[in-house]
Amino acid sequence: MYFAKLVLRNTLRHKLRTGLTVLGLFVAILAFGLLRTVVEAWFAGAESASTTRLITRNSISLVFSLPIAYQDRIRQIGGVTRVSHANWFGGIYVSEKNFFPQFAVDAKSYLDLYPEYLIPPEQLKAFLLDRKGCTVGRKLADIHGFKIGDVVQLRGTIFPGTWEFVVRAVYDGAEAATDTSQFLFHWDYLNETLKQTVPRRANTVGVYVVGIEQSNQAAEIGREIDRTFRNSLAETLTETEKAFQLGFVAMTEAIVIAIEVVSFLVIFIIMAVMANTMAMTARERLAEYATMKALGFGPIRVVSLILGESLVIALAGATAGVLATFPVAEWFAAKMGTLFPVFNVSQQTVTMQIVAAVTVGAVAALLPSYRAATVRIVDGLRNIG
Amino acid sequence: MAIPFSYTAKNLMARKLTTALTAGGMALVVFVFATVLMLQEGLRKTLVQTGSWDNVVVTRRSAGTEVQSGVDRAQAGVVESQPEVAYGADGLPLVSKETVVLVTLPKRESDKPSNVVIRGIGPKGNALRPQVRIIEGRMFRWGSSEIVAGRSIAERFQGAGAGEQLRFAMRDWTVVGVFDAGRSGFDSEIWGDSDQLMQAFRRPVFSSVVLRLEDAGRFEALKARLESDPRLTVEAKRETVFYAEQSQVLANFIGYLGLTLSVIFSIGATIGAMITMYASVANRTAEIGTLRALGFRSRSILAVFLLEALLLGLVGGAVGLGLASFMQFLTISTMNWQSFAELAFTFTLDAGIVAKALAFALMMGLLGGFLPALRAARLNIVDALRAV
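Chains U and W are the protein sequences, given in the same order.
Here the working numbering is used: position 191 in the first sequence is 191, and no number is missing along the way.
Here the working numbering is used: position 348 in the second sequence is 348, and no number is missing along the way.
Any given hint could be a false lead.
To be verified - Covered, in the sense of this in silico footprint (three residues per stretch, anywhere, with C-beta under 8 Å from a C-beta of chain W), are these stretches of chain U:
1) 112-122
2) 153-164
3) 258-267
Claimed, not checked - For lysine to aspartate or glutamate, the following DMTMM-like pairs were computed, each having C-alpha atoms within a straight-line distance of at most 25 Å:
4) W/Lys107 with U/Glu47
5) U/Lys242 with W/Glu136
6) W/Lys124 with W/Glu136
7) U/Lys15 with W/Asp383
8) U/Lys97 with U/Asp150
9) W/Lys223 with U/Asp226
10) W/Lys112 with U/Glu260
11) W/Lys112 with U/Asp150
Just so you know, the hints here were simulated from the structure itself, not pulled from any lab data.
For every residue, glycine included, the Cβ atom is placed at its ideal position computed from N, Cα and C.
Work out the full structure, taking the sequences as your base and the hints as a guide.
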């Protein structure tokens, strides 16, 4: 009890220095938390992928499409429950800055395959009945103020022309990790228009989404689909939705790695600052430690005094940092718009923040503890800081 | 009268651990700051070198990238016959009708797939890009299933090295050479015969038309005519502008992320410097009193502590820059969101970045040292002399 009081008193002896160190830790832990959250947001698409959905695409690359005729042939393969298809539309809403993903989908089967997109029944009906209708995610609707009945114009980059849609439904995510920044509309609308304007590009789809009965059949069914179309003009590559999403992450891996490295650098920076604080503190108090030793306190007591103080400072900064991470992350997500469809501070991030703070506290106490523990009483008493 | 510089330097040496830790923290911040600037500069250099000022890229209107674009043969013919187009020594127009597609290839090391640009060039494609040289093997033969790979693609992707084979679009393509494009974006591409690639990919249209202007100043006239021609649905851009726009998002992302990180990190390092300088003042209170009693002005004391803080910053900055300069050996390759394809670029250090990084370090020192120095300068002589 007295010991804890002594630690606390020691901590408050240099109020300015302690205050500055806590402030530094606060900033560092906050930055660390945000960077970890950015890294996690990168993987969000893969995290929320279902294990019973496969993605079939053209084996050359995503830029190439597949004929619509494949749909029925994929459906015949054993273990396949549902097949839907989607085209990346890549339209521009007002200006390039307002990027959000748009897919032309076979609405009925697509929404069956994605039960995590929750749409009220009457909105769903309205959407399915209107060929020019679209459904938008809640997050997207909030950002651009889309309401039911609004007309939305997109300028096509892949499919030329200006395209008009009527918002018929807004979907919510079943989980926090569900991407609600998408814009879905009817593939039929796209296809019928293409038949008029660019007939050679009609009747093609970007990817097939294949629902399967059991996730352990994924590899087998994927191989079977690819075998069906081998040596055709459009060979396919089928992988699980997770692998498909991870493929995107892998392409920008360098950025993810850079952010991860930097997130640990900030911890090193604050470690240097913190170690400096403890080194100065211990140097000033060397005579006190010698006095304690002369009174009969063992080196362990002295060491735990320094370690205790270091940890108290580290945890004070960490607590403030962790608490601030949530509102700052929310603000950041709002600022970033749809760049990160999912941006949540996870349990793991908080744990890592606390572990990092404790490590910083412990490492910072290392060198001063060693000196205090090994100093000869006579030398220590002679020391004037 | 000023206090000698050696006093300041020796003070830093007196407490080596503290000096090292404070300067070390600053060095890491400067390292991050300089690295981000180097990355931005590298990206900019890569893209500036990709385009030529007197080349024009014609794509389908509002397509944005060559991969999304489509220009049919009739339209390409109209573009080719514009009067602004330069002619080569053989009397043929300097125009390359190109087809640009992406193929997914696995990387050599990680086996992870990434998108690579395959560019089918016309007979004048090489003449339009004088920076491209074959460094290994030879150029592909027209009318054959031969391709040449850019240096950074040949190094990093399976089957893309000279003498190896790639399979896509139901054909086996032999890589007969590797080319170097002077660290431009073309280093991240594979080139082949446009007609062969169009046939293999079953694409009846070109992706873009690249042409050389006879007179670089006549771009506006050409652009106006092409974009108002009712037969055409194209837009024309200078090649330099075209490639700069391609990576706008990536450049902005690196810039914003780097700036935010540098600001946040510098707060930490400045606090570190402040703690050190406050302690330095506190430890030397009696010394400061003595100096004052000897007749040194308070402004000399202020200068001495500011100088110490600046020196600390300078050491940190120099170490940070030293670390950052090693990054020049690294090549970053990532997917460019806009073109959806792999792009390789390096960290580039230049005098401007060195100056910026050092200024940044000195500013951290100054900000951290100002308040403690002010306290030192304002100490009362009698009280200071009494301090132990």
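Between U/Lys15 and W/Asp383, does the CA-CA distance stay at or below 25 Å? holds, 21 Å
Holds or violated: the region 258-267 of chain U covered by chain W, criterion of 3 or more residues with Cβ-Cβ distance under 8 Å? Coverage by chain W holds for the region 258-267 of chain U (5 residues, Cβ < 8 Å).
Coverage of the region 153-164 of chain U by chain W, judged on three or more residues with CB within 8 Å: Holds: 5 residues of the region 153-164 of chain U have a Cβ under 8 Å from chain W.
Straight-line alpha-carbon gap W/Lys112 to U/Glu260, limit 25 Å: holds, 19 Å
Starting from W/Lys107, check that the Cα of U/Glu47 is at most 25 Å away, please. Judged against 25 Å, a Cα distance of about 24 Å means the pair holds.
Hinted pair, alpha-carbon criterion (25 Å max): U/Lys97, U/Asp150. Please report holds or violated. Holds, because 21 Å separates the two Cα atoms, which is no more than 25 Å.
Just to be careful, I want the Cα atoms of W/Lys124 and W/Glu136 compared with a cutoff of 25 Å; is the pair within it? holds, 21 Å
Claimed coverage, the region 112-122 of chain U by chain W - three or more beta carbons nearer than 8 Å: violated (count 0)
W/Lys223 and U/Asp226: Cα distance at most 25 Å? violated, 46 Å
Taking 25 Å as the top limit, are the C-alpha atoms of U/Lys242 and W/Glu136 close enough? violated, 39 Å
Need the status of pair W/Lys112, U/Asp150: alpha-carbon distance at most 25 Å? violated, 42 Å
The structure shown violates the earlier hints numbered 1, 5, 9, 11.
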